[in-house]
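Produce the entire structure from the sequences given, and follow the hints as far as they go.
There are 2 protein chains.
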Amino acid sequence: MDKGITTRQKNYNQWYLDVINVAGLAEHAPVKGCMIIKPYGFAIWENIQKTLDAKIKETGAKNAYFPLFIPQSLLKKEAQHIQGFAPECLVITQVGKKKLKEPLIVRPTSETIIYEVFAKWIKSYRDLPLLINQWANIARWELRPRLFLRTIEFLWQEGHTAHATEKEAEKKAREILELYRNFVESYLAIPVIAGEKTESEKFPGAVTTYTLEAMMQDGKALQLGTSHMLGQNFAKVFEVKFLDKDGQEKYVWQTSWGVSTRLIGGLIMAHSDDKGLVLPPKLAPLSVVIIPIWANKKEQKAVFTKADAIAKSLDLNLAVEKREELTFGAKHFEWEKKGVPLRIEIGPKELAKKSVVIVRRDTGEKELVKEEKVAVFVEKILDKMQKSLFSKALRFQKENSHTTDSWKEFKDFIKKDRGFVYAHWCGKALCEAEIKKETKATIRAIPFAQKSEKGKCILCGKPSKQRVVFAKAY
Amino acid sequence: MDKGITTRQKNYNQWYLDVINVAGLAEHAPVKGCMIIKPYGFAIWENIQKTLDAKIKETGAKNAYFPLFIPQSLLKKEAQHIQGFAPECLVITQVGKKKLKEPLIVRPTSETIIYEVFAKWIKSYRDLPLLINQWANIARWELRPRLFLRTIEFLWQEGHTAHATEKEAEKKAREILELYRNFVESYLAIPVIAGEKTESEKFPGAVTTYTLEAMMQDGKALQLGTSHMLGQNFAKVFEVKFLDKDGQEKYVWQTSWGVSTRLIGGLIMAHSDDKGLVLPPKLAPLSVVIIPIWANKKEQKAVFTKADAIAKSLDLNLAVEKREELTFGAKHFEWEKKGVPLRIEIGPKELAKKSVVIVRRDTGEKELVKEEKVAVFVEKILDKMQKSLFSKALRFQKENSHTTDSWKEFKDFIKKDRGFVYAHWCGKALCEAEIKKETKATIRAIPFAQKSEKGKCILCGKPSKQRVVFAKAY
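Line order of the protein sequences matches chains A and B.
Residue numbering for the first sequence is 1 to 474, as defined by my numbering.
Residue numbering for the second sequence is 1 to 474, as defined by my numbering.
These aren't lab readings, by the way, just hints derived from the structure by calculation.
Take these hints with a grain of salt, some might be off.
Identical copies look the same in the list; a pair holds intra-copy or inter-copy alike.
The list that follows gives simulated cross-link-like pairs (lysine-lysine, BS3-like), each with its CA atoms no further than 30 Å apart [what the hints assert, rightly or not]:
#: 1; residue 1: Lys236; residue 2: Lys97
#: 2; residue 1: Lys32; residue 2: Lys76
#: 3; residue 1: Lys236; residue 2: Lys437
#: 4; residue 1: Lys440; residue 2: Lys97
#: 5; residue 1: Lys167; residue 2: Lys202
This is how it looks when you write it as structure tokens:
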């Protein structure tokens with residue numbers, strides 16, 4: 001039976017698109033470069049949103065909403081910022097047939113418009129810290145769009161904070177990165193490398209960009225979340241000042257941070273297999289699908305009754321598959337492709353044994369479980385599956401991380417898509433650029449966890465204090 | 001003490017803006033015509049979203065997300081539709097400095113892009129009904145923007161459904177209007193007139209538009225939600241067809257429906273008073289504010305302890321007002337302006353009596369309540385307040401609804417902003433336009449609840465079958 005999925009071995013990029021297609025997660029829109037998030041894909045985003053929103057609110061941030069449109073003049077205020085974003089900006093020049101006096105930009109990110117407003121909101125140290133988050137859509141032109149990973153429009157959350165001191169802002173930027181790391185590892189079950197971006201890779205306008213980098217099954221890196229220490233760069237441009245306790249007027253210290261629908265792309269690529277989507281139970285729209293099996297009307301009635309009873313006993317989002325027009329095989333494959341964590345089969349045989357068959361989507365392991373034990377078993381196995389997806393991904397990440405001091409070996413690792421390469425780097429942008437040009441590998445992060453270790457730059461041989469993580473990236 | 005609020009009597013429009021300002025709900029953005037929804041205002045929107053989203057999902061609709069950008073050619077496909085929206089459309093003509101081949105429109109509503117996709121998704125009767133909802137931002141140019149009521153960008157939910165039969169679609173359009181009515185009356189505590197729009201007032205491209213019309217405190221009407229029976233208008237243009245059980249290929253029947261952040265505008269105008277915002281308890285971000293009162297450190301400690309204990313005993317969103325830099329009066333006025341439904345005061349006097357004072361925001365009624373009875377009392381009084389806000393608004397609506405057969409009296413009612421006028425109308429667009437021109441009143445709805453009653457058109461005297469609701473509107 002053709003399941004409509006290219007194998008990873010054969011063509012990893014096509015496999016990714018096939019998994020999205022057969023699971024019904026998203027599709028390309030009639031507008032070039034944009035995507036439609038279909039109900040099943042959007043349900044994953046809603047689960048991400050719900051969990052993350054609660055975690056962000058726990059940090060004291062409050063949700064608000066700022067305009068989609070930014071006057072061109074405002075965006076131009078911070079020089080590095082506009083330089084970074086200008087070429088990707090979608091520009092509104094007219095309303096109906098009438099030309100606008102000043103063009104409006106569809107927000108590529110909201111620092112400028114939000115900080116213009118922060119300057120009005122913040123007067124005194126009593127107004128600080130100001131902690132704001134918004135869930136919004138963002139637009140950046142893309143020449144090589146890719147569902148969930150790079151689309152012209154995407155959905156995200158962006159946090160923006162202002163603080164009285166540098167120390168507080170720095171602490172907040174790191175606190176949020178840690179919140180993201182915890183969320184990505186516990187919910188998406190994706191292990192990440194946390195670290196700092198190099199000067200060339202950081203956010204336009206930031207002092208420091210902190211990042212989370214995950215390894216996909218093809219060995220490439222995917223940046224899953226960033227948190228920026230903005231220092232006083234924007235504060236000085238937008239005049240975000242406050243009267244401090246000591247009677248002095250001072251500029252605030254700021255951070256901004258975000259994760260996007262790209263998380264779903266990471267989720268797909270980290271866990272799925274050649275049979276289709278594999279979802280971590282904590283974010284799966286459905287935890288269980290119950291498939292009754294029957295050969296005649298009498299059996300059908302009995303297994304449906306049992307299936308409904310089992311469904312009722314489980315306090316979970318689930319589906320009972322009762323369609324008559326499909327064979328058991330077709331149903332089985334459909335739910336497998338959709339990555340529902342557990343499949344419960346109930347046929348006449350199981351009925352006779354007062355049991356059901358429970359099958360794990362990730363490992364295919366089957367178990368015959370007594371009816372009265374189903375609820376407890378399901379809860380336990382979902383928890384186990386969540387943890388085992390993470391361990392598996394972590395094992396993969398470790399197996400595909402290499403340490404080398406040889407330029408030849410370095411090039412070989414990168415060329416063969418062998419994952420993350422830990423190598424020494426002198427800290428110069430020139431070497432970084434040269435390495436990128438020659439191998440397509442970029443520095444994904446200067447990892448926090450790395451011990452300081454003296455060595456020589458992998459390219460130029462000049463002294464280096466620490467290894468950094470190189471990889472090809474999405 | 002100047003509370004920064006103009007009275008309704010003095011200047012209703014200014015009062016509305018003042019209430020929004022002092023409550024911290026929203027403000028004008030640096031982009032002309034756009035608004036910033038501040039955290040307190042956004043918390044109300046989040047409450048609306050949470051409740052309404054659950055109700056919409058109960059009807060079987062699933063959330064999805066479609067692009068913000070619509071190619072100009074797509075929008076032009078339905079003639080009435082483009083005619084209605086073209087002058088308000090924001091047009092993207094370039095990316096960075098590069099001109100786009102085909103301009104993109106920022107969605108003024110999503111019928112066209114969604115139905116272009118429905119045509120791909122729908123093949124057979126088995127794919128029907130297709131029930132989709134999306135929470136999104138929308139842009140329509142506004143010359144006279146007004147916070148929450150008319151802004152260039154606003155937030156809304158838009159539902160889009162496709163059905164096999166006309167009857168089913170018609171039923172869905174009415175089902176959703178009823179869902180909205182129930183939500184608006186039970187949660188926003190605003191009584192509405194449900195009915196049908198006239199030909200001239202209906203949605204561009206619809207067969208019928210159903211509407212909910214609410215009366216504001218100045219007697220003007222505010223349209224709070226609409227549900228459109230689209231018939232096969234869009235289906236024929238976008239080729240949304242299905243193979244029916246009988247083997248015939250047929251066009252689907254469609255509906256679309258939405259409510260927006262305008263609901264918050266209605267909420268403010270329906271209940272608030274000259275002291276500031278009044279919120280229905282079911283949508284208030286905070287149900288209770290506890291204000292400790294003290295004269296010295298010893299008292300402060302005792303009342304804070306008690307305040308915390310009371311707070312802990314209430315399973316509600318609440319605030320305990322502990323700021324030392326403000327007087328009791330200032331705190332009192334601040335929370336009053338923010339419309340928190342209940343204020344609990346705890347001072348040394350109350351402490352001695354093992355009681356607290358509970359004050360209702362809407363009526364100002366005070367009651368001394370024994371500590372152990374606070375939780376039960378609060379729950380009961382919040383429920384009572386929710387209902388009493390609705391009754392009060394309903395009484396106001398009834399008192400300001402007039403039935404007349406005299407053109408002179410009609411003009412007088414409208415001129416004096418006396419609310420809704422029930423009058424006979426011949427059904428001709430010409431009379432409707434003439435009445436609008438002369439009085440500024442429009443037909444808000446042909447109400448469902450109205451009995452058919454023979455009469456003569458208020459303007460031309462020709463036969464009429466039913467009275468319709470005239471009013472000036474926002």
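These are the hints, each one checked on the structure:
1. Lys236 <-> Lys97: between (38 Å within a copy, 28 Å between copies)
2. Lys32 <-> Lys76: Close inside one copy (27 Å) and across copies (18 Å); limit 30 Å.
3. Lys236 <-> Lys437: neither (35 Å within a copy, 53 Å between copies)
4. Lys440 <-> Lys97: between (45 Å within a copy, 28 Å between copies)
5. Lys167 <-> Lys202: within (20 Å within a copy, 57 Å between copies)
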